[in-house]
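Undergrad: This is what each chain is made of:
Protein chains: 6
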Amino acid sequence: MQKTAVFLGRFQPIHNGHLKVIEIILNEADELIILIGSSQYSHSFNNPFTAGERISMIRRALKENDLDLARIYIIPIPDTNDNRIWVSHVVATIPEFDIFFTNNPLVSRLMKEAGYKTQNTQMIDRDRLSSTAIRNKIYNDQPWESLVPNVVATFIKKIDGLNRIKDIGKIELKL
Amino acid sequence: MQKTAVFLGRFQPIHNGHLKVIEIILNEADELIILIGSSQYSHSFNNPFTAGERISMIRRALKENDLDLARIYIIPIPDTNDNRIWVSHVVATIPEFDIFFTNNPLVSRLMKEAGYKTQNTQMIDRDRLSSTAIRNKIYNDQPWESLVPNVVATFIKKIDGLNRIKDIGKIELKL
Amino acid sequence: MQKTAVFLGRFQPIHNGHLKVIEIILNEADELIILIGSSQYSHSFNNPFTAGERISMIRRALKENDLDLARIYIIPIPDTNDNRIWVSHVVATIPEFDIFFTNNPLVSRLMKEAGYKTQNTQMIDRDRLSSTAIRNKIYNDQPWESLVPNVVATFIKKIDGLNRIKDIGKIELKL
Amino acid sequence: MQKTAVFLGRFQPIHNGHLKVIEIILNEADELIILIGSSQYSHSFNNPFTAGERISMIRRALKENDLDLARIYIIPIPDTNDNRIWVSHVVATIPEFDIFFTNNPLVSRLMKEAGYKTQNTQMIDRDRLSSTAIRNKIYNDQPWESLVPNVVATFIKKIDGLNRIKDIGKIELKL
Amino acid sequence: MQKTAVFLGRFQPIHNGHLKVIEIILNEADELIILIGSSQYSHSFNNPFTAGERISMIRRALKENDLDLARIYIIPIPDTNDNRIWVSHVVATIPEFDIFFTNNPLVSRLMKEAGYKTQNTQMIDRDRLSSTAIRNKIYNDQPWESLVPNVVATFIKKIDGLNRIKDIGKIELKL
Amino acid sequence: MQKTAVFLGRFQPIHNGHLKVIEIILNEADELIILIGSSQYSHSFNNPFTAGERISMIRRALKENDLDLARIYIIPIPDTNDNRIWVSHVVATIPEFDIFFTNNPLVSRLMKEAGYKTQNTQMIDRDRLSSTAIRNKIYNDQPWESLVPNVVATFIKKIDGLNRIKDIGKIELKL
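Residue numbers (the numbering used here), protein chains in the order written: chain A, 1 to 175; chain B, 1 to 175; chain C, 1 to 175; chain D, 1 to 175; chain E, 1 to 175; chain F, 1 to 175.
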């Protein structure tokens, strides 16, 4: 019997910790649905990249690491801003799944209350490897490239992502 | 230089005509984004299947036909009900593309007004091979299985899709 | 063990057939949730009355018929325009229930797919006793008062409901 | 005491009948608010032009007819799809007014129920002078230019509006 | 002449102070509409319970205190996130009322600007008796049961509400 | 060739700094579109006034300063809460423009990424002349009238705006 896992994240941007988790899940599951949360947001400090840009970065990172794209779905999902219906919104948007990986206690609770199996992902070097840390480093002109796959660093620079994060940070972080 | 094409449809359900178009596009483009329109709708006669079910059917059909999943994206996109912003909504949700395949004159016009290159898809046996025709056949207990890939027919039956279409048809078609 | 039933309708307006169904359900269930669907709509030919007006009419009708208000909830629920999430929207908005009464095949299907028990309501003199028929009679200046409880006829006249239906009918029915 | 009037329309497009009504109202009122309804829609057969295009056409028509722009406001207002709140939505979006001109019985009823003074506009050669008639003529390649101010005909042609209406008509009118 | 009062709250959860206010209002008014604000939210630290759960708790509390359910309406109302239309949204969702009880200065102002009569509720032992205080006590494992009716404490435990509040608090309070 | 400029602000309320910027732009451009952002909000401390009230204040201020209304558009635009589509939302709501004036780095970035020309406005005595400073002065009973045009001070007092700001401030600033 085939087993399908879901891995939820915002991937702003995808980093080496995400990739490690993906590799670990692929060792256990037949198929993996990478679910891009808060997909409607972009151009904010917490969500600088569009869904389309995040899909592009994830695909390039998977390819660079020789992961099997034929076993992986990448699906964007907008927030509902209504926790009561979030689970049915997710369930209707993605293929059937067996287990839901997340470290968010609210998501975990919502999924469990609806009868789904959830599991925490392993935290890989959490202090260093987090999207928040990466965005802060970019804003502060500190080195960040080694925390993400090469193709992701290249992509962010190509779309002028460094200046986007800095421009937005100037507004939001000063408030 | 790599070339990316988009193919927009509602895929309610995916049929053999869709598959043929996908094969043709893959002969010309390096990557193909299959864009599932009206993704938020389901359980109506025109949109019986959820986005998740449609993604599942498309993936199975692609696999059955040995198409290269590593070259294909499958991305659901909800309608905006606001034509003025539909193009930017699409552009922000998917990776960069070079050409947009559609037979819908409105979509074609919106894309062109925004400066994108569009192209009609070839119509493969259009009278017989259309999702609308298939839903009507299911509602009227006529044979329909030969119009879709085998795995799609199997999937629709497994999720009790025939009764879903008939139940909904009883309401909507009688109005 | 206490048993709670739900009865879904739009109640535009509540009529003697609705009341009969309510009496029948109250003979079997301990508590009844009268769920007012499409609650956000008003001032259209299919939905002339606001949720507030519909709650007022239902309460008056229940009182006139000496039904036990302490066993009855009256709860308005807006449409979601998204069938995928409608069930979870309902479930989160009302107290726990054991059985869902409706004659709508789509609602019935959505509830069943989500694992809830549903039952058709008895059709009481359906040709004569329907809200649609009543609205048409009002529009055409035909007698309609005997089809609804006295307090409902009085209420509709008090809020100038007859002219509201006629004004709206002039637009919508001519299109 | 200064008197402010409102004139509500969709202006798809503005025609000579609209202009005549505007002139008549300006003879009685000190200020006129031209309220562009359904402002969020465009690129449909009933609403081909964006709010921005409609504002441009109205301003040009007013100028061509030497009407006093300093006495006129042009304000777009999106539909709410919820009649219950439409009046408060309008009232909050525009300056205080004394009288509301409209020929729509629903709008008239909603405004009156909320305590506002309404008045029908004079129908100027209604059969010939209507936006609907103009859109149909454009779709059918019949002469239409004499029904609108010269600057409006010029503007529609400049933005390729004729082909837009025809492209959209091909979809919507065939359904 | 019958007098109808409204009492607005979020009831997250209903506590003994709310109940006391309800009793006081019922001494003066013939009917009371308990209006459950922010009804669409749940599973957040400020709004842990769904509208359905809140209705259940309020009904049980009213029954336990022998209050006359036949004189009381319980109606959920979602936030509009648009203060301009909030009053008309409320007015259309509930039966006609004579006086609106609230301690919120914004709600009070909006109601007064629209011409409705408002009154502050008496603050009953405000420091101890507030929903916020109760949620904080639950989060911090301090005794809270004596602040709410017995049936409410029982209900919250039955639906695993304590862990829900703690899980959510872990996320929100740490941010 | 005619040149059209856009000046975006929330104008809560319009002050002497805004007016100075408007005068400067009118020296360079033929037409000016004053775009009122966040138009759907009101009755909050950051957005106390409705779109309608803001339009009224702006018009009165322009008149008092003898600016040419025939060269100026005043158009309200609601926020989209979705940065990805904000630019196309704006572009569809206003007439064609040549240059977009704003001091907001995010707006500037979004416009530039979409290919539009943007320019910072001159900051006129920024510390003293800001809407935020004015709202704070009103809340703290400090003199503020000299910072806005006379007609604006008169208008705010007439609509009881001082008490509105104080009532709202009591809630929001205490949180």
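Treat the hints with care, since some could be wrong.
Copies of the same chain are indistinguishable here, so a pair counts whether it falls within one copy or spans any two.
Unchecked claim - Dumping the calculated DSS-like pairs for lysine-lysine here, alpha-carbon to alpha-carbon at most 27 Å:
| id | residue 1 | residue 2 |
| --- | --- | --- |
| 1 | 63 | 112 |
| 2 | 157 | 112 |
| 3 | 137 | 157 |
| 4 | 170 | 112 |
Hints listed in this document are in silico derivations from the structure and should not be mistaken for laboratory results.
Undergrad: A separate judgement is required for each hint: does it hold in the structure or not?
TA: Quick rundown of the hints versus the structure:
Proximity of residue 63 to residue 112 under the C-alpha cut-off of 27 Å is found in neither arrangement, the shortest distances being 33 Å within a copy and 32 Å between copies. Taking identical chains as interchangeable, the C-alpha atoms of residue 157 and residue 112 lie at most 27 Å apart only when they sit on different chains, with a minimum of 17 Å there against 40 Å within one chain. In the homo-oligomer, the alpha carbons of residue 137 and residue 157 lie at most 27 Å apart inside one protomer (14 Å), although the nearest pairing across protomers, at 44 Å, exceeds that limit. Taking the shortest Cα distances, residue 170 and residue 112 sit within 27 Å of each other only across copies (17 Å), while inside one copy they are farther apart (39 Å).
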